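When the letters of the sequence shown are read in order and numbered with UniProt numbering, they come out as residues 1 to 690.
Please keep in mind that the hints were generated in silico from the structure rather than gathered at the bench.
Some clues are possibly wrong.
Straight-line Cα separation of at most 25 angstroms, DMTMM-like style, residue types lysine to aspartate or glutamate; simulated pairs [stated by the list, open to error]:
{"hint": "1", "residue 1": "594", "residue 2": "610"}
{"hint": "2", "residue 1": "590", "residue 2": "641"}
{"hint": "3", "residue 1": "436", "residue 2": "610"}
{"hint": "4", "residue 1": "425", "residue 2": "376"}
{"hint": "5", "residue 1": "345", "residue 2": "376"}
{"hint": "6", "residue 1": "425", "residue 2": "541"}
{"hint": "7", "residue 1": "345", "residue 2": "413"}
{"hint": "8", "residue 1": "436", "residue 2": "362"}
{"hint": "9", "residue 1": "436", "residue 2": "480"}
{"hint": "10", "residue 1": "345", "residue 2": "439"}
{"hint": "11", "residue 1": "590", "residue 2": "643"}
{"hint": "12", "residue 1": "436", "residue 2": "521"}
{"hint": "13", "residue 1": "499", "residue 2": "439"}
{"hint": "14", "residue 1": "590", "residue 2": "567"}
{"hint": "15", "residue 1": "590", "residue 2": "605"}
{"hint": "16", "residue 1": "425", "residue 2": "413"}
{"hint": "17", "residue 1": "436", "residue 2": "413"}
{"hint": "18", "residue 1": "499", "residue 2": "521"}
{"hint": "19", "residue 1": "594", "residue 2": "567"}
{"hint": "20", "residue 1": "425", "residue 2": "362"}
Each pair of labels, with its calculated beta carbon distance range [as the list claims (entries may be wrong)]:
{"hint": "21", "residue 1": "315", "residue 2": "409", "range": "46 to 52 angstroms"}
{"hint": "22", "residue 1": "655", "residue 2": "314", "range": "55 to 61 angstroms"}
{"hint": "23", "residue 1": "408", "residue 2": "499", "range": "19 to 25 angstroms"}
{"hint": "24", "residue 1": "395", "residue 2": "315", "range": "51 to 57 angstroms"}
{"hint": "25", "residue 1": "144", "residue 2": "330", "range": "47 to 53 angstroms"}
Because the structure is a prediction, the values reported are computed rather than measured.
The beta carbon of each residue, even a glycine, is placed where N, CA and C say it ideally should be.
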Amino acid sequence: MSAGDFTPALAALDRLIAVELQRLRARYALSLDEFRGLYVSDALVDALLARQGAAIPETAPRLSASLVAPVAEAGRALGLCPLGCGLVMLALAPELDARYPTLFAYLNDDVTRRWPSLELAQRLFAGPGNAAASGRLRAILSPALPTAAGGLTAGGLLLPAEPDEPARPLLLRGWRCAPALVHHLLRQPGLPLSQLAWLPGPPDGLAQRPAGTVETAAPALLVAGPPGSGRRAAAAAWAGRLGLRALLYDPTPASGVPAPEALREAALSAQLNRAALVIDLGRSERPAPLDGLDPRWPVALLVQRPDGWTAALAPRLVQQRRQRLPDTPARAALWRGALAACGRKAAPRAIEAVAGRFALGEPAIVRAARRLGLEDEAPRADLPALVAAARAESTAELSGTARPVATDAGWSDLVLPAGALAQLKDFASAVALRGKVFDLWGFDGVGRGTGRGLAALFSGGSGTGKTMSAAIVAAEVGLDLWRLDLSATVSKYIGETEKNLERVFSAAGAANAILFFDEADALFGKRSEVKDSHDRYANIEIAYLLQRLEDHDGVVILATNLSRNLDTAFLRRLPFVIEFPLPDAAARAKLWRKAIPVRAPLCPEVDFAELAQRFELSGGDIRTAALEAAFLAAGRGGRIDREALDTAIRRQLMKRGQLPGAPARRGTNGHAATPAVGGGSRTEAHDGPA
């Protein structure tokens with residue numbers, strides 16, 4: 001709609017203004033000198049009065065049909081009364097004609113107040129002596145009157161004209177139209193916010209929701225699921241069944257919590273365009289207030305987890321729906337279709353493997369196939385190429401609570417007992433094949449929670465290879481490994497730890513990353529008897545972790561030095577428990593040889609077998625001692641000799657609290673007991689040579 005289409009309405013408004021000017025002059029409220037030098041001259045005011053003819057009688061209706069006609073349709077959609085429509089037209093006038101700010105300043109008797117106010121609206125629309133109309137206008141502009149009752153300011157239809165307006169008395173506050181309302185009334189192209197977009201509409205022939213339909217409690221939809229699970233399509237289909245289009249609002253901040261002003265603009269755009277508002281809160285960490293939403297209008301929320309969001313939608317009638325990513329067979333079919341669309345092929349086993357390892361939705365699979373088409377000219381994609389493309393689509397923000405762990409090591413670099421190494425390879429195979437077992441073989445949800453994840457416990461002393469093994473497993477299956485940063489996760493404030501953990505689990509799921517909990521006993525410890533509030537909240541955290549571990553669709557590795565301190569409920573949920581013992585003498589000799597590179601200058605008299613026999617060190621201790629000995633030798637300008645190694649080993653033993661030169665004590669079971677600084681000891685079992 002162009003400005004010319006508002007001509008009759010503006011003419012009607014001009015007549016009201018002219019009558020008010022005439023009344024003020026007649027009562028000496030304004031003198032002729034006050035207008036001299038202003039935008040509207042005396043001659044122009046007189047011309048307006050002459051053109052309008054005789055004065056409008058005080059008893060005549062102030063709101064003519066021509067005045068409210070341009071906003072009548074929007075008024076019906078919003079449930080506004082005629083006075084509300086008149087106020088909208090009054091606030092819209094400065095957007096249509098530059099004369100009105102000056103005219104309003106004249107009528108407000110203040111050149112700085114160039115916007116319509118309640119006092120001005122009462123004079124124009126109610127006139128002298130019409131207390132009922134004046135009271136209704138005050139109610140409509142009061143922030144206490146909700147949109148559902150015809151209020152204009154509570155729902156953001158009219159906004160304060162200047163930042164300091166809320167400090168003024170209600171009678172003198174200036175108002176302007178909300179940008180979304182101006183955008184709609186002027187029929188401007190596109191949508192008023194960059195965060196808004198149309199979702200695919202209902203099928204042709206579907207009966208549309210009748211204009212003006214208003215309900216006391218509109219339906220609402222809560223769709224929970226990971227990104228790429230079809231949440232938006234589900235919301236669009238739901239809106240179609242209501243006879244509405246679906247307008248998507250996707251907040252841009254990383255937290256995903258919408259700003260109140262932007263949310264009101266989005267909600268207003270949805271109502272004016274006869275659409276259900278679909279709010280994508282997939283990045284929101286916790287339920288947030290949804291102020292500014294008209295409870296009479298349908299709205300859908302897209303979240304990752306439904307906990308707590310139902311209350312935010314009250315008093316609507318809330319339907320809940322859980323969306324899941326396509327299972328392995330569906331993902332394999334999507335991969336085949338996407339590759340064919342790009343002119344590519346792949347072996348069936350390669351497609352099945354990448355579909356099983358990477359839980360991606362259809363949009364991500366299509367992008368990955370296109371990436372292959374751009375980066376690889378070969379008509380047939382192999383498994384490494386498919387994994388690389390899928391991995392590129394598996395991205396998420398770590399938000400400081402987890403850090404990626406990378407390694408160049410492989411299976412040949414591990415020095416473990418044969419049994420532990422076999423278990424570790426079985427676990428890597430299970431990670432690669434979990435899609436096949438859960439989806440194709442039907443083990444999804446059998447005796448488990450709602451998740452399709454896999455968890456393992458790596459138990460053993462410090463330096464026994466738990467972190468390296470986790471990184472090797474991740475590299476073997478082509479997934480990223482994220483190590484949880486306990487200092488950034490555990491909080492002394494109630495509820496903050498759970499919030500941080502939820503962020504990590506959600507991000508790891510979106511990134512198809514393996515989540516690595518080092519020192520897991522700090523989080524997964526045994527629940528204790530409740531003696532005070534600290535015990536109660538600690539137990540709540542453990543209960544949350546139990547539930548979240550069951551619901552997680554990805555891979556989780558727990559590593560601990562003290563498996564006996566873990567809650568038994570966690571141990572029951574771990575299909576893989578792998579022990580990492582301290583190495584025996586043969587394994588230590590092998591670790592010494594691996595710790596010193598071939599290119600390093602090593603004295604020939606160094607006997608690794610003798611070092612391994614004398615000093616019962618872990619693999620981590622051996623690597624640290626070898627590196628320190630190398631720096632000592634380089635500083636002396638010589639080779640790595642026995643003296644440098646002995647010095648480095650002594651320092652390593654002192655860090656562990658063991659006196660240099662003292663023989664290692666034996667535990668009661670015959671295995672080595674590593675002395676502790678505090679005088680205690682820790683017995684570690686090992687299985688023999690790797």
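Here's how the hints hold up against the structure:
1. 594 x 610: holds (16 angstroms)
2. 590 x 641: holds (18 angstroms)
3. 436 x 610: Violated - the C-alpha atoms of residue 610 and residue 436 are around 49 angstroms apart, more than 25 angstroms.
4. 425 x 376: Violated, because 31 angstroms separates the two Cα atoms, which is more than 25 angstroms.
5. 345 x 376: holds (12 angstroms)
6. 425 x 541: violated (32 angstroms)
7. 345 x 413: Roughly 35 angstroms between the alpha carbons, so the hint for residue 345 and residue 413 is violated.
8. 436 x 362: holds (19 angstroms)
9. 436 x 480: The given pair, whose Cα atoms are some 20 angstroms apart, holds under the 25 angstroms limit.
10. 345 x 439: Distance of about 23 angstroms is within 25 angstroms: holds.
11. 590 x 643: Holds. Residue 590 to residue 643 sits at ~20 angstroms (cutoff 25 angstroms).
12. 436 x 521: Not satisfied, since the Cα-Cα distance of roughly 31 angstroms exceeds 25 angstroms.
13. 499 x 439: violated (30 angstroms)
14. 590 x 567: violated (35 angstroms)
15. 590 x 605: holds (17 angstroms)
16. 425 x 413: holds (14 angstroms)
17. 436 x 413: violated (29 angstroms)
18. 499 x 521: holds (19 angstroms)
19. 594 x 567: violated (37 angstroms)
20. 425 x 362: Violated, at roughly 31 angstroms.
21. 315 x 409: 46 to 52 angstroms: violated (58 angstroms)
22. 655 x 314: 55 to 61 angstroms: holds (58 angstroms)
23. 408 x 499: 19 to 25 angstroms: violated (35 angstroms)
24. 395 x 315: 51 to 57 angstroms: violated (39 angstroms)
25. 144 x 330: 47 to 53 angstroms: Given about 52 angstroms between the Cβ atoms, the range holds.
Checked against the numbered hints given earlier, the structure breaks hints 3, 4, 6, 7, 12, 13, 14, 17, 19, 20, 21, 23 and 24 and satisfies all the rest.
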